[in-house]
Amino acid sequence: MTALAAARRGPGLRDAVRAEWTKFRTVRGWLVALVLAVGLLVLFSYLQAHGKHTGYCTGPGPGDCVNGHPYVPDGPGGEAVADAYELASRPLTGDGTITARITSLTGRIWAGASNEAPSLSDTRPGLAGWSKAGLLITPSTRQGAAYAAVMATGRHGVRFQYDYTHDQPGLSGLPSAGAARWLRLTRAGDTITAYDSRDGTSWHRIGDARLSGLPRTVRVGLFATSPNTYGGRASRATAAFDHIALRPSGGSGTAGVTASWRATSTGIGPRDFYTALGRGDVRRRGGSIIVSGSGDMAPAVAGAGADTASDSLLFGLVVAMIVLIVVATMFATSEYRRGLILTTLAATPRRGRVLLAKAGVIGAAGFAVGAVASAVAVPFAEQVMRANGNYIYPTTPLTIARVIAGCGLLVALCAVAVLGIGTILRRSPVAILAGVVLFVLPAFTGPGVLGGPGGGGGAATWLYTVTPAAGFSVLGLMPRSRLVSFPYTMGNGYYPLAPWAGLLVLCLFVAGSLGAAAIVLGRRDA
Amino acid sequence: MSAAVAAEWTKLRTLGEMWWLAAGVIAVAIAASAGMLATTHVSPGAPGPGPDPTKLALTGIDLAQAVVAVIAVLAVTEEYGTGMIRVSLAAIPRREAILAAKALTIAVLTLAVAVPAVAGCLAAGRLLLPGAGIDPAQGDPLVTLGAGATMRAALGTVLYLALIALLSVGLGAIVRDTAVAAGTVLGLLYLPPLLALLLTGPWKRHLEQIAPMTAGLAIETTRHLGASPDTPWVGLGVLAAWAAGALVGGGVVLRVRDA
Numbered sequence: 006m007t008a009l010a011a012a013r014r015g016p017g018l019r020d021a022v023r024a025e026w027t028k029f030r031t032v033r034g035w036l037v038a039l040v041l042a043v044g045l046l047v048l049f050s051y052l053q054a055h056g057k058h059t060g061y062c063t064g065p066g067p068g069d070c071v072n073g074h075p076y077v078p079d080g081p082g083g084e085a086v087a088d089a090y091e092l093a094s095r096p097l098t099g100d101g102t103i104t105a106r107i108t109s110l111t112g113r114i115w116a117g118a119s120n121e122a123p124s125l126s127d128t129r130p131g132l133a134g135w136s137k138a139g140l141l142i143t144p145s146t147r148q149g150a151a152y153a154a155v156m157a158t159g160r161h162g163v164r165f166q167y168d169y170t171h172d173q174p175g176l177s178g179l180p181s182a183g184a185a186r187w188l189r190l191t192r193a194g195d196t197i198t199a200y201d202s203r204d205g206t207s208w209h210r211i212g213d214a215r216l217s218g219l220p221r222t223v224r225v226g227l228f229a230t231s232p233n234t235y236g237g238r239a240s241r242a243t244a245a246f247d248h249i250a251l252r253p254s255g256g257s258g259t260a261g262v263t264a265s266w267r268a269t270s271t272g273i274g275p276r277d278f279y280t281a282l283g284r285g286d287v288r289r290r291g292g293s294i295i296v297s298g299s300g301d302m303a304p305a306v307a308g309a310g311a312d313t314a315s316d317s318l319l320f321g322l323v324v325a326m327i328v329l330i331v332v333a334t335m336f337a338t339s340e341y342r343r344g345l346i347l348t349t350l351a352a353t354p355r356r357g358r359v360l361l362a363k364a365g366v367i368g369a370a371g372f373a374v375g376a377v378a379s380a381v382a383v384p385f386a387e388q389v390m391r392a393n394g395n396y397i398y399p400t401t402p403l404t405i406a407r408v409i410a411g412c413g414l415l416v417a418l419c420a421v422a423v424l425g426i427g428t429i430l431r432r433s434p435v436a437i438l439a440g441v442v443l444f445v446l447p448a449f450t451g452p453g454v455l456g457g458p459g460g461g462g463g464a465a466t467w468l469y470t471v472t473p474a475a476g477f478s479v480l481g482l483m484p485r486s487r488l489v490s491f492p493y494t495m496g497n498g499y500y501p502l503a504p505w506a507g508l509l510v511l512c513l514f515v516a517g518s519l520g521a522a523a524i525v526l527g528r529r530d531a
Numbered sequence: 019m020s021a022a023v024a025a026e027w028t029k030l031r032t033l034g035e036m037w038w039l040a041a042g043v044i045a046v047a048i049a050a051s052a053g054m055l056a057t058t059h060v061s062p063g064a065p066g067p068g069p070d071p072t073k074l075a076l077t078g079i080d081l082a083q084a085v086v087a088v089i090a091v092l093a094v095t096e097e098y099g100t101g102m103i104r105v106s107l108a109a110i111p112r113r114e115a116i117l118a119a120k121a122l123t124i125a126v127l128t129l130a131v132a133v134p135a136v137a138g139c140l141a142a143g144r145l146l147l148p149g150a151g152i153d154p155a156q157g158d159p160l161v162t163l164g165a166g167a168t169m170r171a172a173l174g175t176v177l178y179l180a181l182i183a184l185l186s187v188g189l190g191a192i193v194r195d196t197a198v199a200a201g202t203v204l205g206l207l208y209l210p211p212l213l214a215l216l217l218t219g220p221w222k223r224h225l226e227q228i229a230p231m232t233a234g235l236a237i238e239t240t241r242h243l244g245a246s247p248d249t250p251w252v253g254l255g256v257l258a259a260w261a262a263g264a265l266v267g268g269g270v271v272l273r274v275r276d277a
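Line order of the protein sequences matches chains A and B. Each residue of the first sequence is one higher than the one before, starting from 6 at the first, in my numbering. Each residue of the second sequence is one higher than the one before, starting from 19 at the first, in my numbering.
It should be emphasised that the hints constitute simulated quantities derived from the structure, not laboratory data. Mixed in with the good hints there might be a few duds.
What the hints assert, rightly or not - Some chain A residues flagged as far from chain B (calculated, every beta-carbon gap over 10 Å): (1) Q53; (2) G56; (3) L345; (4) A351; (5) R432.
Unchecked claim - FRET-style restraints, in silico, Cβ to Cβ: (6) L350(A) x W38(B): 20 to 28 Å; (7) W221(B) x T401(A): 32 to 40 Å; (8) G394(A) x M102(B): 54 to 62 Å.
A virtual CB, placed ideally from N, CA and C, is assigned to each residue, including glycine.
Just need the whole structure built from these sequences, with the hints factored in.
Structure, rendered in structure tokens:
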């Protein structure tokens, strides 16, 4: 009885997988194709990396140009940051508190042609959303140093920010003569606490930050900076501070407005990447100190003219996917061509199981191709791009592992989707056509390909959101931050979906294709 | 020869998905053109050279050529898949005649499909381009067959599709397997322009001058002819050379090889 039932059930999934694997590995052409796909992916990654150059010229002659990129500092967390600002500071040894009232925050925005270097000669009044001015504590004014700052901003009210990525809101509104904002930073050991107030008597604590390894003597002072606007125009902010008091915890020697505050401009040298509007400056007028500055203290997003470690992969992936599309189609349709499908279905009567086994085998082959090839190509192409003078956004090994696994999954899912289409149609060419149209043609509109602010417009965004091409989001490595107002669009190198979301969209298509194939295979005469 | 053509025509028209695919060429071309134009918007006074309305209207051809290629590949390789080729060769021992008859029937079928496809794309351009901000008010010409350059682009694009079909027939005869042949043709068409996106300078230009798709599509250009990789007819000539090379190669291997 049980033997009969077992016989009716047919062999288990493991046997079905083993059968399909045997069919796959005994066609020498397919194995050669897989090796070829790996080789092509690496080769085209190299070509793509090789074609990317960044350089600068020191003179008009042909020998005056060298490979190299502007300097992009790394923040305390290892991420790329923008760190350009004007600071009027004094040393503070040990614990202490700095307090100041900010009575105005105004700015200028570059109004000249977008292809010219911004200068103060042609500006209009206005602030960027993240123009900022306030109090700052930092171990040094070196770019990328740790810091904590409480500040008024152009459109986001009072904020407490530290180490470029952390942000907590305080009072809302822009400071003005009628609605001045009081700010305070307190240092106790490694802990910095931020406060704000409307009147200087009732204080509200915004939050605190631990800056580990803070030296005993730090720089403390008043800063101003102003980032590029959403439209990409450089800006410059000017803030007026009064009621300034820097008080060490020992109690003696409070420094006020008449003390000597040292002015420092950070991050606006000729080799620094951030586009600043004019030079910053610090002036004293009556009981006020007025600080003007341009730049940003935030994560560096695209616009640093930078590449990511995955930037060289797109084209090679597309080539490898064409090979896998052909192999997956043949894996599905050659059974019909040779009549082997009758034997297969006789041996494994549960037809869904056959399909699942086939999907497993071709999926594993696709994953191996995508993962192995990108594991070779990513570090190799990164070397080539660096040697060509390109800046590559810093990544962690975990992120690289994510990209490699993502490439494997992308190729695997593409192969499984095409296998489903091939099983439904039983014939090769239309399945290949569908695979190429769905997975290869979107690369023509990929991020950065069309270039320019309008590039990769609405159609491309749509393509990479709701079609299988969404799976290419696994290549997305460009950093984004809500602390930087920037068009995170395809034209600027940003995929519309997060990597996992893009893979999920692709998975839905694969599920649809395999599900339809299972239904058709189950109902149809083989 | 007329018997060979009649035989090939019978085989072609009775191929399972042939009429679906033929209708697909027209539908894909017009739908892709219309879809692209409906989502395009050019703001007035945008920098750079003005758009080429005829070339924009014919965008759908970039996609429809894939269907043409698949039809042509199928017409050749399915004979190998089913073993029919042995019967064909027994019936008509002059092997080049079979390939020539195949090429002729597929070219005629492609021409017949390409005319409504190109006409539909141009009509979509005429209707949709003004809505995309490309109209006489901005100094851009309307798409009209009355203009000599547009007429040349329209006729040339019909010929382009026929040449793509001939190229596919030749490659199909060389490769013989449907899947590999389809992959090869589509790769040959779409990979060079992708690669060209990554290159700069003379390499990019040379690649675009000799690749079948980028060279052949120069025939669509009606404005800024200097920016195109080849002059229109030279470009189409490059594609014709590809097609001729593939057909000759296919003829030679068909003659010398065991079927």
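We went through each hint and held it up to the structure:
Non-interface status of Q53(A) relative to chain B is broken: a Cβ of that chain comes within 10 Å, the nearest being about 5 Å off. For G56(A), the shortest C-beta to C-beta distance to chain B comes to about 5 Å, within the 10 Å cut-off, and the non-interface label is violated. Every Cβ of chain B is farther than 10 Å from the Cβ of L345(A); the closest lies at roughly 14 Å, confirming the non-interface assignment. Every C-beta of chain B lies more than 10 Å from that of A351(A), the closest at about 23 Å, which supports listing it as non-interface.
For R432(A), the shortest C-beta to C-beta distance to chain B comes to about 7 Å, within the 10 Å cut-off, and the non-interface label is violated. The given range of 20 to 28 Å is respected by L350(A) and W38(B), whose C-beta atoms sit roughly 27 Å from each other. A hinted range of 32 to 40 Å for the beta carbons of W221(B) and T401(A) is consistent with their spacing of about 35 Å. For G394(A) paired with M102(B), a C-beta distance near 59 Å keeps the hint of 54 to 62 Å intact.
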